[in-house]
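K.L.:
Take 3 as the starting number for the sequence shown in my numbering and just add one per residue.
By construction, these hints were calculated from the structure, which means they are not laboratory data.
Note that this is a predicted model, so its numbers are computed, not measured.
Ideal placement from N, C-alpha and C gives every residue a C-beta, glycine not left out.
Take these hints with a grain of salt, some might be off.
[As the list claims (entries may be wrong)] As a list, the in silico EDC-like pairs of lysine to aspartate or glutamate whose alpha-carbon atoms are at most 20 Å apart:
(1) K99 - E118
(2) K35 - E23
(3) K12 - E53
(4) K26 - D38
(5) K7 - E41
[What the hints assert, rightly or not] Simulated DEER-style distance windows between Cβ atoms:
(6) R54 - E25: 13 to 21 Å
(7) G89 - Y8: 38 to 46 Å
(8) V10 - G89: 39 to 47 Å
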Amino acid sequence: MEVLKYKVIKTKEQYYEYCRELEKLDDSLEADKFVDEAELLTLLIETYDAERETKSNYDPVELLHSLMSDHQLKARDLAAILNVSKGYVSDILHYKKGMSKEVIRKLAERFKMRQEAFNREYQLLHENSGERSKESTKRILQDV
3 MEVLKYKVIK TKEQYYEYCR ELEKLDDSLE ADKFVDEAEL LTLLIETYDA
53 ERETKSNYDP VELLHSLMSD HQLKARDLAA ILNVSKGYVS DILHYKKGMS
103 KEVIRKLAER FKMRQEAFNR EYQLLHENSG ERSKESTKRI LQDV
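Model the full structure from these sequences, guided by the hints.
P.N.:
Here's what the structure looks like:
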């Protein structure tokens with residue numbers, strides 16, 4: 003009996019392993035040869051995400067913080083991935099600026115997610131007061 007290369011994802015370790023494998027396939031110079039494999043991994047990863055829906059309650063910036071933590075990325079790493087300045091990334095992460103369409107597209111592609119996850123409404127800091135709603139601020143502080 004032939005052993006399956008990929009199985010339904012049941013653990014976070016397996017999930018991250020498959021994410022890394024998908025990134026390797028996407029970055030491969032011969033990515034065309036692995037289209038079916040990449041599609042299968044994408045389906046398994048998306049199914050795991052949909053079943054857990056742990057990140058669906060996050061606003062886009064909270065989601066980005068969580069993904070950066072999960073993937074052990076720093077703001078400078080994200081700036082390089084997105085091909086934007088570190089200052090712009092900092093402004094996004096501190097609710098000072100919204101995400102551009104291009105940034106949303108690149109984030110969705112990098113983290114193998116739907117663009118809608120990053121393209122949701124969230125409250126930016128008020129320019130003059132430097133405050134957001136108390137509920138949102140409380141959620142951010144709890145996550146840090």
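K.L.:
Confirm or reject each hint.
P.N.:
Verification of the hints:
Among the hinted pairs, K99 with E118 is consistent with the structure: their alpha-carbon atoms are about 18 Å apart, no more than 20 Å. For the hint pairing K35 with E23, the CA-to-CA distance comes to about 14 Å; that is within 20 Å, so the pair holds. Of the supplied pair hints, the one linking K12 and E53 holds, its CA atoms being roughly 11 Å apart against a limit of 20 Å. Using a Cα cut-off of 20 Å, the hinted pair K26 and D38 holds, with the two alpha carbons roughly 14 Å apart.
Taking the CA atoms of K7 and E41, the gap is near 14 Å; set against the 20 Å cutoff, the hint holds. The hinted range of 13 to 21 Å is satisfied by R54 and E25, whose Cβ atoms lie roughly 20 Å apart. The hint said 38 to 46 Å for the Cβ distance between G89 and Y8, and at roughly 40 Å that hint holds. In this structure the supplied range 39 to 47 Å holds for V10 paired with G89, their Cβ-Cβ distance being about 42 Å.
Checked against the numbered hints listed earlier, the structure breaks none of them; every hint is satisfied.
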